[in-house]
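> Chain residues, written in single-letter form:
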Amino acid sequence: MSETKYKNVFVQGAISPQKIADSITHHQVKTQIGAHDIFLGQVRADVINGKTVQGIDYSAYEEMALKTFHEIREKAFDKFDLTCMHIYHSIGMVKTGEICLFVFTSSAHRKEAMDACRWLVEEIKAKAPVFGKEVFEDESHQWKVNS
Amino acid sequence: MKVKVLYFAQVAEKVGCSKEEIMMEGNTTEDLLNYLKNKYAVLNDMTFKLAVDQTLIHENISIKDGTEVALLPPFAGG
Chain U
1247 MSETKYKNVF VQGAISPQKI ADSITHHQVK TQIGAHDIFL GQVRADVING KTVQGIDYSA
1307 YEEMALKTFH EIREKAFDKF DLTCMHIYHS IGMVKTGEIC LFVFTSSAHR KEAMDACRWL
1367 VEEIKAKAPV FGKEVFEDES HQWKVNS
Chain X
42 MKVKVLYFAQ VAEKVGCSKE EIMMEGNTTE DLLNYLKNKY AVLNDMTFKL AVDQTLIHEN
102 ISIKDGTEVA LLPPFAGG
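Just so you know, the protein sequences line up as chains U and X, in that order. Final position of the first sequence in this note's numbering is 1393; the numbers increase by one with none missing. Final position of the second sequence in this note's numbering is 119; the numbers increase by one with none missing.
Hints are supplied without guarantee of correctness; some may be wrong.
Computed footprint of chain U on chain X; a stretch qualifies when at least three of its residues, placed anywhere within it, have a C-beta under 8 Å from a C-beta of chain U [said to hold, decoys possible]:
#1 63-73
#2 98-104
The list that follows gives simulated cross-link-like pairs (lysine to any residue, SDA-like), each with its CA atoms no further than 20 Å apart [unchecked claim]:
#3 U:K1313 <-> X:T96
#4 U:K1313 <-> X:V110
#5 X:K55 <-> U:S1386
For the record, the hints were derived by calculation from the structure and aren't laboratory data. Note that the structure is a prediction, hence the values are computed from the model and not measured. Every residue gets a Cβ at the ideal spot worked out from N, C-alpha and C, and that includes glycine.
Produce the entire structure from the sequences given, and follow the hints as far as they go.
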């Protein structure tokens, strides 16, 4: 991982359900929060030309990606009335069924948390220079493109 | 002038390396692209965007000696 002034959002490999549970637990002391919204991206076992995806190997232009995540985060705080926000994205291999993206927004009320979460996921998919190599069960691969 | 070029994902795979320093004539991103497409014909058939010093660009801009330019194929985060 390179040196950077931006918060690191990358997690090596899959994001564990325990990390998500711990993150929820950490917010129980923040009693001004009335609503959380969580988005979890999970690697899907797509079947393409008869071959099944076994996982996605994520890579990124890390310095630019961290800068982009930072800008998205700043914009979200300007746009929505949030108490806090967390973003984690996998780097490296994530097997099908495992979690590769965790976006967690918290606010006093549900609308802000839900609107912000949806907005963040769309921004991340469109703007973060993250790449995904879909690896098939026979070890061949193709490059994923966000729709 | 000298430019640091970074290649990612399918672009890196096709050109066969992930970064290199090149010496080029001219001082714009278009000059750089012409140089790279001449060096790696495969780039003519690929979809990618350019980032100059970690910012996406959408038009031809001038670049300086030592600039970092990245060739970014379509994003697939999330």
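> With reference to the structure, classify each hint as holding or not holding.
Checked hints:
1. 63-73: It is violated: at least three residues are needed, and the region 63-73 of chain X offers just 0 whose Cβ sits closer than 8 Å to chain U.
2. 98-104: violated (count 0)
3. U:K1313 <-> X:T96: The given pair, whose Cα atoms are some 9 Å apart, holds under the 20 Å limit.
4. U:K1313 <-> X:V110: holds (16 Å)
5. X:K55 <-> U:S1386: The hint holds at about 15 Å.
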